[in-house]
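Please work from the sequences and hints to get the whole structure.
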Amino acid sequence: MIAAAAALVSCALIAFQVALMQALSIAQWYHFAGLVISVALLGFGAAGSILAAFRQSLLQGRAAWPKPPLASAQPRAKPGRRVPRSGTSRAPAPLERGARPTAYDVKPMVDQPTARADLVIAITLLLCGISMALGLPLAQTAAARFDLYLLFVERGQAARLALTCAIFFAPFFFGALALAVIFTSRIGQIGRLYGANLLGSALGGVAALAGLHGLAPTALPAALGLLPLAGSVLAAPADRRRFFGVAAMAGAILCLFFVARPPPLATSAYKGLSRALNLPDAKVMFERRHPLGHVHLVAGPALRYAPGLSLAWPEEVPNSALLFLNGDGHAAVPPPGEAGRIYDFTTAALPFTLGRPGSVLILRAGGGAEAALARRHGAERVLVVEPHPVVADLARTGYAGLDAPLDADLVVEDPRAFLERGRGTYDLVLLPSVGEFGGAAGLHAAQEQYLLTREAFARIWGALAENGALSVTAWLDYPPRHAPRLLALLVAMLADAGVADPAAHIAAARSWSTLTFTVTRQALTAQEIEAVRAFCRERQFDLALLPGATPEERTRYHQMQDETLTTLLENLLSSSMGRAGPPDPPRQRRVKDAAPYLVDRYDFHLEAPTDDRPFFSQFLRGRSLGALRALYGGGVLPFFELGSLVLALTFVLVAVPGAALILLPLLKLGAPGFRAARPLLYFAGLGLGFMLLEIALIQRFILLWGHPLYAAAAVISTLLAGMGLGSLFSSRLSEHAATRRIVLALVFGFLLVLPWLAPALTRTALAWPFLARAGTTALFLLPPAFLLGLPLPLGLRAIQKMNPAWVPWAWGVNGCFSVAGAVLAAWLAVVSGFSTVLAAAAISYAVALLAVSNRPPL
0 MIAAAAALVS
10 CALIAFQVAL
20 MQALSIAQWY
30 HFAGLVISVA
40 LLGFGAAGSI
50 LAAFRQSLLQ
60 GRAAWPKPPL
70 ASAQPRAKPG
80 RRVPRSGTSR
90 APAPLERGAR
100 PTAYDVKPMV
110 DQPTARADLV
120 IAITLLLCGI
130 SMALGLPLAQ
140 TAAARFDLYL
150 LFVERGQAAR
160 LALTCAIFFA
170 PFFFGALALA
180 VIFTSRIGQI
190 GRLYGANLLG
200 SALGGVAALA
210 GLHGLAPTAL
220 PAALGLLPLA
230 GSVLAAPADR
240 RRFFGVAAMA
250 GAILCLFFVA
260 RPPPLATSAY
270 KGLSRALNLP
280 DAKVMFERRH
290 PLGHVHLVAG
300 PALRYAPGLS
310 LAWPEEVPNS
320 ALLFLNGDGH
330 AAVPPPGEAG
340 RIYDFTTAAL
350 PFTLGRPGSV
360 LILRAGGGAE
370 AALARRHGAE
380 RVLVVEPHPV
390 VADLARTGYA
400 GLDAPLDADL
410 VVEDPRAFLE
420 RGRGTYDLVL
430 LPSVGEFGGA
440 AGLHAAQEQY
450 LLTREAFARI
460 WGALAENGAL
470 SVTAWLDYPP
480 RHAPRLLALL
490 VAMLADAGVA
500 DPAAHIAAAR
510 SWSTLTFTVT
520 RQALTAQEIE
530 AVRAFCRERQ
540 FDLALLPGAT
550 PEERTRYHQM
560 QDETLTTLLE
570 NLLSSSMGRA
580 GPPDPPRQRR
590 VKDAAPYLVD
600 RYDFHLEAPT
610 DDRPFFSQFL
620 RGRSLGALRA
630 LYGGGVLPFF
640 ELGSLVLALT
650 FVLVAVPGAA
660 LILLPLLKLG
670 APGFRAARPL
680 LYFAGLGLGF
690 MLLEIALIQR
700 FILLWGHPLY
710 AAAAVISTLL
720 AGMGLGSLFS
730 SRLSEHAATR
740 RIVLALVFGF
750 LLVLPWLAPA
760 LTRTALAWPF
770 LARAGTTALF
780 LLPPAFLLGL
790 PLPLGLRAIQ
800 KMNPAWVPWA
810 WGVNGCFSVA
820 GAVLAAWLAV
830 VSGFSTVLAA
840 AAISYAVALL
850 AVSNRPPL
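Count the sequence shown with numbering that gives the first Met the number 0 and you get residues 0 to 857, in order.
Incorrect hints may appear among the rest.
What the hints assert, rightly or not - Derived Cβ-Cβ restraints for the label pairs, each shown as a range:
#1 278 with 343: 19 to 29 Å
#2 286 with 752: 38 to 48 Å
#3 286 with 406: 18 to 28 Å
#4 149 with 842: 36 to 46 Å
#5 752 with 300: 57 to 67 Å
#6 647 with 239: 44 to 54 Å
#7 561 with 457: 32 to 42 Å
#8 300 with 340: 15 to 25 Å
#9 244 with 659: 33 to 43 Å
#10 831 with 767: 28 to 38 Å
#11 422 with 141: 17 to 27 Å
#12 239 with 849: 40 to 50 Å
#13 800 with 457: 51 to 61 Å
#14 849 with 388: 44 to 54 Å
It should be emphasised that the hints constitute simulated quantities derived from the structure, not laboratory data.
Beta carbons are placed, not taken as given, at the ideal position from N, Cα and C, and that holds for glycine.
Next comes the structure, spelled out in structure tokens:
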């Protein structure tokens, strides 16, 4: 029954992580998914370290300490040193009065579970279930509720975030402590128990997705609390089982109360949904939960949608309903009838000046505004690709009675997967707008955007008909970032396609808030150039880019505070990035131009993103922080890139306590540093390497699965299932150094080839059906996961033979370095790409391999 209890709590802890990620994505932003993982791992590390420091009290109680009734008759000794035994007695020699035994004095039989250990397991599982039920309600109180936008400008917000972390830390700590006591008290069964732990964890990802389909994200954590409560009854000593049954029933009533009445989720006041509902008479017309995101449809007389509207628009702006996904703006529902002609006065109408397109492909536009614009300009066939099934259902049914049915064919699929299938060619491809009105404060810096990479744009180019075009709009920001980087991506696409003169294929119109690029497969003709010029003149837009455009035409209607944007656009077209040839970053030579804002000297990243580093909105250069601070001030600096700063803050919140949790128990154990060096490197390498690998695979497989939640569930469940099988098999293997060397060498070899295998797999399987992708993920990850499940139980068995007191400490070291790995992986991926993260994982496992020794310790 103890294995069943381990499986139940493991399942609950993984599912609890996924539920918290979803809840925090709705209340704040997606950034806190990494924070949840780090807090969870910190709980595991803390549990192992606490057990290492208080092993005797937790496993055997005070009675386990040797008592010196004849201390006065024994020779005196220095504190902590054993006194020579008298006679032939095998009893432990007494210590001097007041001295405490060290790890070398007392070595209890931890492989013989005691009633004390089972009692601790039952208590911690009970506390785990109760803290799961209370976690979100407590985090939503005024004392703990924080707002991402205010973290760096308002006192007390960081303390609230720390309190929220402490609240979420509790269930992970209690659950991990129960697992640590289970493993330590039954080290001889570590293969079977660790296997049950991993297999239960693998089920947790599936359970979370199933739960999110039926329960609110705020109700799911309380429902999951029922699992450790059941485990507490299974693990309780026989003479205490009735008591724990009653306590578990009381805890279950608390859980069911919060399932029936989940706490309201307070969303950030700075999210689009919150701002929309603050307008007069705005109301929610439709709301539905889904694992891919919580959908709201909001309508009201004060809501308007006409991005980059021309100053020449002669009428009142009609109101429009807006769609929100997890509180963020997703799409707009066009106004009915002739009111929809307002979109002809936006920069988004630029591509329709080149002629009437026969077929139009619109990527991720379930609101219908773009489809209405295409129909107004005579498109015969309009195909909309929308990845969210709830948004697609709304479009099919007329947007909850708003009398605005989607006048287009609809495909429910991720846009990248659709492009990989290669379903024909189109006269015009429209992409979703990039950025946000007024700037996004760097919120999306650490978010994977696989539709905005060189590989994605190469597929879009391949989807264009012979005389086709693509168009995409960027919101203007200052300093300019989104528009210049978007142009760099378009220029890279043309270079990859062998176009020698990108400037001859690009037209761009600028309003007071947006800039729309249109790229044609064939060079722009004189007739098309004149049509674009006439469109901008009639609509009072500036010609940001057009063959033959004069400097006066670029700022005729909208003056800019400086020439930064114009200079950047010119340099991007004239730089070596525009030369024809295959993707090859070393070819992107430095610009030899004396212009004041050279692309390669700019304070922000402008190079074209790739699938290996798909962070389009990560602009900030580390070398530029000092100059930006001097120019704009320290108070403004955080809002250039909040996403990157949240990563740094997460590291501070978890790294400092993590280091303390490793070092302090080591001092208490009294172990000399040189003896702990090899075990420290071994278990640290395993924890750091696995977490680097897991995070890199999750981020890489977002492309394959279309959403971070699905990717996380698929990767975590598959890896843990394979590791569980490996752990079960480890009981048949010897823990000798040679065995561990062979296993780690195989893992190291797999990691060396993974940077080439993973991209090939995602490119190949991306166009396959869902079940085929699931099967491919399992076949690809299960064999290496099986190997990954072997080193930890083998190492724990090896270190138990050396000194059982080090077993929980080793477990804690593994957990604490996993915490560092979660944050380090996210940071490395953003600044250097997934290949670098996988290389770091390989180095970590190489360190563990080198730490293996034929002599104790380890």
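Hint check for residue 457 and residue 561 - Cβ pair distance inside 32 to 42 Å: holds (34 Å)
Range hint 38 to 48 Å (beta carbons of residue 286 and residue 752) holds or violated: Hint holds: Cβ distance 47 Å, inside 38 to 48 Å.
Cβ separation of residue 647 and residue 239, checked against the hinted range 44 to 54 Å: At roughly 46 Å between Cβ atoms, residue 239 and residue 647 fall inside 44 to 54 Å, so the hint holds.
Range agreement (Cβ of residue 300 with Cβ of residue 752, hint 57 to 67 Å): holds (60 Å)
Beta-carbon spacing of residue 831 to residue 767 - inside the hinted bounds 28 to 38 Å or not: holds (30 Å)
Residue 286 versus residue 406 beta-carbon gap, inside 18 to 28 Å or not: holds (25 Å)
Range agreement (Cβ of residue 457 with Cβ of residue 800, hint 51 to 61 Å): holds (56 Å)
40 to 50 Å as the expected CB spacing between residue 849 and residue 239, which holds or is violated: Holds, since residue 239 and residue 849 (Cβ atoms, about 46 Å apart) stay within the stated range.
Distance restraint evaluation - residue 422, residue 141, Cβ atoms, bounds 17 to 27 Å: violated (52 Å)
Verdict for residue 149, residue 842 (Cβ pair) under range 36 to 46 Å: For residue 149 and residue 842 the Cβ distance comes to about 38 Å; the hint holds.
Range hint 33 to 43 Å (beta carbons of residue 244 and residue 659) holds or violated: Distance hint for residue 244, residue 659 holds at roughly 38 Å.
Outcome for the supplied range 15 to 25 Å, where the beta carbon pair is residue 300 and residue 340: holds (20 Å)
The structure does not agree with numbered hint 11 stated previously, though it agrees with all others.
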